[in-house]
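Letter by letter, the chains look like this.
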Amino acid sequence: MQSNLKLARNLMLLSVVAVSSFVLSGCYDIDEAIAWDIAEEFLSANDIYSPSNESFNVAGFASSLAEEMWDEATNSEEATALDGLDIIARMEQADAVSESARALRNLPALGEAIKLRPNDWNYREDAFSIAVAIGDTGVAENSLKASDDLVNEAVAAGGKCFNLRANQLSRRVDSLEQQLGTLSQEDPNYSSLQLAFDISARELSDLYSNPAGNLFCQGK
Amino acid sequence: MATKEKPAIEQGNQEPKKRPGFLRRSCLTCLGVIVLAVLACVVAPFALSRLGVFGQPAEQAYSGAPDPFASASVQNIFEAKQIAGVKVYVMPVTGKTATQAFIILDASNGYQGTSPNAGDDSVFVQVLSDLVNRDRSESLGLERVTVEYRDEEGSRKMAFTIPMHSVTSYVDGVISRDEFFGNAYFDMTDSLGYFGLDAADVLDELGN
Numbered sequence: 001m002q003s004n005l006k007l008a009r010n011l012m013l014l015s016v017v018a019v020s021s022f023v024l025s026g027c028y029d030i031d032e033a034i035a036w037d038i039a040e041e042f043l044s045a046n047d048i049y050s051p052s053n054e055s056f057n058v059a060g061f062a063s064s065l066a067e068e069m070w071d072e073a074t075n076s077e078e079a080t081a082l083d084g085l086d087i088i089a090r091m092e093q094a095d096a097v098s099e100s101a102r103a104l105r106n107l108p109a110l111g112e113a114i115k116l117r118p119n120d121w122n123y124r125e126d127a128f129s130i131a132v133a134i135g136d137t138g139v140a141e142n143s144l145k146a147s148d149d150l151v152n153e154a155v156a157a158g159g160k161c162f163n164l165r166a167n168q169l170s171r172r173v174d175s176l177e178q179q180l181g182t183l184s185q186e187d188p189n190y191s192s193l194q195l196a197f198d199i200s201a202r203e204l205s206d207l208y209s210n211p212a213g214n215l216f217c218q219g220k
Numbered sequence: 221m222a223t224k225e226k227p228a229i230e231q232g233n234q235e236p237k238k239r240p241g242f243l244r245r246s247c248l249t250c251l252g253v254i255v256l257a258v259l260a261c262v263v264a265p266f267a268l269s270r271l272g273v274f275g276q277p278a279e280q281a282y283s284g285a286p287d288p289f290a291s292a293s294v295q296n297i298f299e300a301k302q303i304a305g306v307k308v309y310v311m312p313v314t315g316k317t318a319t320q321a322f323i324i325l326d327a328s329n330g331y332q333g334t335s336p337n338a339g340d341d342s343v344f345v346q347v348l349s350d351l352v353n354r355d356r357s358e359s360l361g362l363e364r365v366t367v368e369y370r371d372e373e374g375s376r377k378m379a380f381t382i383p384m385h386s387v388t389s390y391v392d393g394v395i396s397r398d399e400f401f402g403n404a405y406f407d408m409t410d411s412l413g414y415f416g417l418d419a420a421d422v423l424d425e426l427g428n
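Protein chains in written order, with my numbering: chain A, 1 to 220; chain B, 221 to 428.
For reference, chain A alone in the conformation it holds in the complex (with noise of 0.2 Å):
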């Protein structure tokens, strides 16, 4: 155990003692030095790691592992952050599903998108465009619906109503300019789709015009 714990710390300091030659060596890419100065600085700033005499405290570490766990509990600020790195990545996943299910318009394969984003509205918007381009108006207006209700709770818990309908109107239009310019014009759906788009396309730019006027908005 304690043999385990020599070697952690060698480990430790042959990994700071490394990075001090490679960065003097002048062979470095600039954006690990970076990272390495500002591990370094984050462990000299919570007393692990002293650069003056290279020494490490393991005192000093056991109380930021334990403040980390603490922050981790707690959800402070900064571990928010860093957990939100987990749900971009989710996001990420969500967009490749997206992207696939709008390019199929697959709109039991857009539902796992939903399923991992539950409260984004970006995949009601997609599943609304996939809706209008094939014809099922009840999944239509539910998406729309769903849609709207989440930019509503978002505005409601304090987010900026212009921001967040712009948001969400660009991405409506995105999503059905895709299908109309994949739909054939032949195709029965492809009136009502390119009714949809300009009417979204009038109001986000009356949004930006007039954003007082904004019915969505008001009083909100």
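No wet-lab data here; the hints were simulated from the structure. Any given hint could turn out to be false.
Estimated spans, in silico, between C-beta atoms of each pair [unchecked claim]:
#1 V253(B) <-> L215(A): 56 to 64 Å
#2 G60(A) <-> F242(B): 36 to 44 Å
#3 L256(B) <-> D148(A): 41 to 49 Å
#4 R90(A) <-> D392(B): 29 to 37 Å
Among chain A residues calculated to face chain B with C-beta under 8 Å, some are [as the list claims (entries may be wrong)]:
#5 F42
#6 N75
#7 E77
#8 A81
#9 D83
#10 G84
#11 I88
#12 N122
#13 K160
#14 L164
Note that beta-carbon positions come from the ideal geometry of N, C-alpha and C, so glycine has one too.
Given chain A's structure and the hints, the job is docking chain B onto it.
Coordinates of chain B only, in the frame set by chain A:
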């Protein structure tokens, strides 16, 4: 007058009730302490978080869709400098008007560094400066920047987060480079993995 005999059981023939033994009492006390500890460690933070005493979990904080305009604007900083493999997501934060930028530097997607040939961190500083300028001129509302490095396999290699006011102070020359880096919050558990160590193992060792 004949006295009615009490049944034997009521005449004190019953065995005296045994008090719980020391071992049993100790076990019950231990169990109670464990239950209280679990409540304190697991339930309390959750409950207090729901009451708004603690912060919100990431799942809730970043549940909304990213801001496409702000994301594109920050992404453009990297594109203008021809830094490949960077993806930026500016996320609204539930319950706030502020936003946060997540910058993914992905080697599996062609990221080779901000300035592989420069030999100094001038490009890095320029990126920070552009970020501050855009935040000011376009009112992006950034309150925090979180950076993730992904390796050639697309796995997280290192991550840190820093408040935007530290970035602004550094760019404006209010704080030094060391102070700026000192304000970054490093993902130590992941970094230990990068050092080839496991946080749980190290803590285990410290306990012995």
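Against the structure, the hints:
Checked against the hint of 56 to 64 Å, the pair V253(B) and L215(A) passes, with Cβ atoms roughly 59 Å apart. The hinted range of 36 to 44 Å is satisfied by G60(A) and F242(B), whose Cβ atoms lie roughly 41 Å apart. Range check, L256(B) to D148(A): Cβ separation about 45 Å, and the 41 to 49 Å hint holds. Distance hint for R90(A) and D392(B): a CB-CB separation of about 35 Å, consistent with the stated range 29 to 37 Å.
At about 4 Å, the closest approach between the beta carbon of F42(A) and any beta carbon in chain B falls short of 8 Å, and the interface hint on this residue holds. Below 8 Å, beta-carbon pairs count as interface contacts, and N75(A) has one with chain B at about 4 Å; its hint therefore holds. For E77(A), the shortest C-beta to C-beta distance to chain B is roughly 6 Å, which falls under 8 Å, so the interface hint holds. About 4 Å separates the beta-carbon of A81(A) from the nearest beta-carbon of chain B, less than 8 Å, and the hint is met.
The criterion of a C-beta within 8 Å of any C-beta in chain B is met by D83(A), whose closest approach is roughly 4 Å, and the hint holds. Against a cut-off of 8 Å between C-beta atoms, the interface hint on G84(A) holds, since the closest Cβ of chain B lies about 5 Å away. Because the smallest distance between the Cβ of I88(A) and any Cβ of chain B comes to about 5 Å, under 8 Å, the interface hint for this residue holds. Contact between N122(A) and chain B, as hinted, is supported at the beta carbon level, the nearest pair being about 4 Å apart and thus within 8 Å.
About 5 Å separates the beta-carbon of K160(A) from the nearest beta-carbon of chain B, less than 8 Å, and the hint is met. Interface restraint check for L164(A): the shortest CB-CB distance to chain B comes to about 7 Å, inside 8 Å, so the restraint holds.
Checked against the numbered hints given earlier, this structure breaks none of them.
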